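J.: As a plain string of letters, each chain reads:
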Amino acid sequence: MKRNLILGLVLSSLVVLAAGLSFVWTPFDHAALNIPDKLQRPNAEHWFGTDHFGRDLFSMIMVGARTSIAVAFVAVGIGMAAGVPLGLAAAAHKGSWLDELIMRGNDLVFAFPSLVIAILITAVFGAGAINAIIAIGIFNIPVFARITRGGALSLWEREFILAARVAGKGAARISAEHILPNIANLLIVQGTIQFSLGILAEAGLSYVGLGAQPPTPSWGRMLADAQTMVSFAPHLALIPGSAIIVTVLGLNLMGDGLRDWLDPRLRVTR
Amino acid sequence: MLRYTLKRFLSLLISLAIASLVIFAVVEVAPGDPASFMLGINAQPDTIAALRSELGLDVSRPERYLNWVGGLLQGDFGTSYTYRTPVSDMIADRLWVSLPLALYALTLSTLIALPAGIYAAARRGRAGDVVTMGATQLGVAVPNFWFAMILVLIFAINLRWFAAGGFVGWDQGLIAGLHSLTLPAIALALPQASILARVMRSSLLDILGEDFMRTARAKGLTRRQALWRHGVRNALIPVLTIIGLQFSFLLAGSIIIEQVFYLPGLGRLVFQAISSRDLIVVESVVMLLVFAVIVVNFAVDLAYALVDPRLRVRS
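For the record, the sequence lines run as chains A and D. All residue numbers for the first sequence refer to my numbering, where the first residue is 1 and numbers rise by one. All residue numbers for the second sequence refer to my numbering, where the first residue is 271 and numbers rise by one.
Since the hints were made in silico from the structure, they are not lab data. Model, not experiment: these values are computed from the prediction. Think of the CB as a built atom: it goes at the ideal place given N, C-alpha and C, for glycine as much as any other residue. Be a bit skeptical, because a hint or two may be false.
To be verified - A short, non-exhaustive set of chain A residues, derived as facing chain D with CB atoms under 7 Å:
1) A92
2) L108
3) L120
4) G128
5) L200
6) L223
7) V230
8) F232
9) A233
10) A237
11) I245
12) V248
Claimed, not checked - Calculated Cβ distances over 10 Å to all of chain D for the following chain A residues:
13) R104
14) V166
15) A167
16) G170
Said to hold, decoys possible - With the C-beta cut set under 10 Å, the calculated list includes, among others, these residues of chain A facing chain D:
17) L115
18) I119
19) T122
20) A127
21) P181
22) S196
23) I199
24) A226
25) Q227
26) D256
27) L258
28) D260
Using the sequences plus the hints, can you model the full thing?
T.: In structure tokens:
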């Protein structure tokens, strides 16, 4: 299924490109109010139309991509930075109290409905992009810990690890030098999937007003603004929604494609 | 089985205890004193102190935690800071919207996903499979609150088949109640149905590759008979687990969907409570949702062990 990978790459790069380009160029100033031009349908001048303040939707989508990508990226980073070492430690000391502690802790975090806790965190500490990142990031930790431990456990049974132990390497060094490179594929694929979930979560939190705050543009908040105007200006809802879908779809396809590509065994079976 | 049940039950209790501690701790560190917040900036110190003692805020933290948990165990969730009514009553009212909504969505999701997954697996690699799986890829990528807005645009604003929001109340009859929950339930069900259909498909494909499926064909069953009698039945086991887990996603997801449809459920309660800093309500609703998730997971684990004896030994 090379098709998935290519389509996913194209869609994702499109979004990343738009976000990157927005730092140096957008068709209009994304924050500039222009009331006379308000609520225009997509046209030659405003490619995606304008909102109720006459702001250019295309520019807002470009800048909004920045917010989505930044939040999801850092959240995945938090998950990896904490989850991978925990998973490696748990696997290296399989069956020990450390393993037990890490895995039970994981189960516990899994048991929390992530959205509810994200709401609790942002409710208590205040709405904003940083708190949204933390809330989403915390739930990425057990995901990466679990997948790392799973991948590492099967590697610990292999001969080349035994060889490394015989050579006198400690658990930490083996984990870093031999286990980690061998599970990198797994982590990249999972990272892509968590990235797309992060985009969705950020959109959801911003939609209910707990994500990035004005004036930072965000797709979720654009949708919240659009809600009352959807009957006479459907493009206000359709366009940010499509931006989210394209991004998430692109990342998911890329994740699926990468998994098939990196793991030849899956090509035959599925 | 008894040993397994006891062991799982013990870990259920530990999870609940830790969960309550975490939730309490998070809310405790929240800046601001509820009593001063309720009374406004002009309040006298002694009025604030009186209110603090009325709300049970004047005792030490461990004591407050024990009071809270002790209350929860007796169904007493405390008193709302802003409405001055028992939180348990507020939650019970709202639960009558959120719980039916989650169950409705779960039913829809299962009714859509299982046939779709079975169909895709049976036509593996052919056009029907590719189209179905493409649709699920799209379904997973669609934010449900956006889908909800689009449903409102099409079915409420343009076609006028449903109301754009609000809940008529169950006293208007079951049909009327369900009718006003239909669009939210569809919006909530779509992403879950997409995930479930993919699980159903891959689980069935695994089973179809088993030797006993070949035996079933060899003894003279048609493809269709073998698929239904031996394939689908066996493939349902992992699918049931996912259905159980999805219930918690749906209950949590309803929080956002309720915002789109202005439904008076737990979600609206939480957001109203957040904006008025009524933290005891936030705390209690979150604890209730976590409780529901942990208990459902427990039930799923037990059901799973009942169906598949191998699991009892392994864990």
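J.: Each hint needs a verdict: does it hold in this structure or not?
T.: Against the structure, the hints:
1. A92: 22 Å, violated
2. L108: Where the cut-off is 7 Å and the nearest Cβ of chain D is about 6 Å from L108(A), the hint holds.
3. L120: Holds, because the Cβ-Cβ distance from L120(A) to chain D comes to roughly 5 Å (cut-off 7 Å).
4. G128: With a minimum Cβ separation of about 14 Å from chain D (threshold 7 Å), the hint on G128(A) is violated.
5. L200: Hint on L200(A): holds, closest Cβ of chain D at ~6 Å, below 7 Å.
6. L223: Given a least distance of 6 Å, the restraint on L223(A) holds.
7. V230: Hint on V230(A): holds, closest Cβ of chain D at ~5 Å, below 7 Å.
8. F232: 9 Å, violated
9. A233: Given a least distance of 11 Å, the restraint on A233(A) is violated.
10. A237: With Cβ-Cβ at 5 Å, under 7 Å, it holds.
11. I245: Hint on I245(A): holds, closest Cβ of chain D at ~5 Å, below 7 Å.
12. V248: Holds. Min distance 4 Å.
13. R104: 8 Å, violated
14. V166: At roughly 31 Å from the nearest Cβ of chain D, V166(A) sits farther out than 10 Å, so the non-interface label holds.
15. A167: 34 Å, holds
16. G170: 30 Å, holds
17. L115: With a minimum Cβ separation of about 5 Å from chain D (threshold 10 Å), the hint on L115(A) holds.
18. I119: Holds. Min distance 6 Å.
19. T122: 8 Å, holds
20. A127: 9 Å, holds
21. P181: 28 Å, violated
22. S196: 7 Å, holds
23. I199: Given a least distance of 9 Å, the restraint on I199(A) holds.
24. A226: 7 Å, holds
25. Q227: 6 Å, holds
26. D256: 8 Å, holds
27. L258: 15 Å, violated
28. D260: 13 Å, violated
Violated hints, listed in ascending order, are 1, 4, 8, 9, 13, 21, 27, 28; each of the other numbered hints is respected by the structure.
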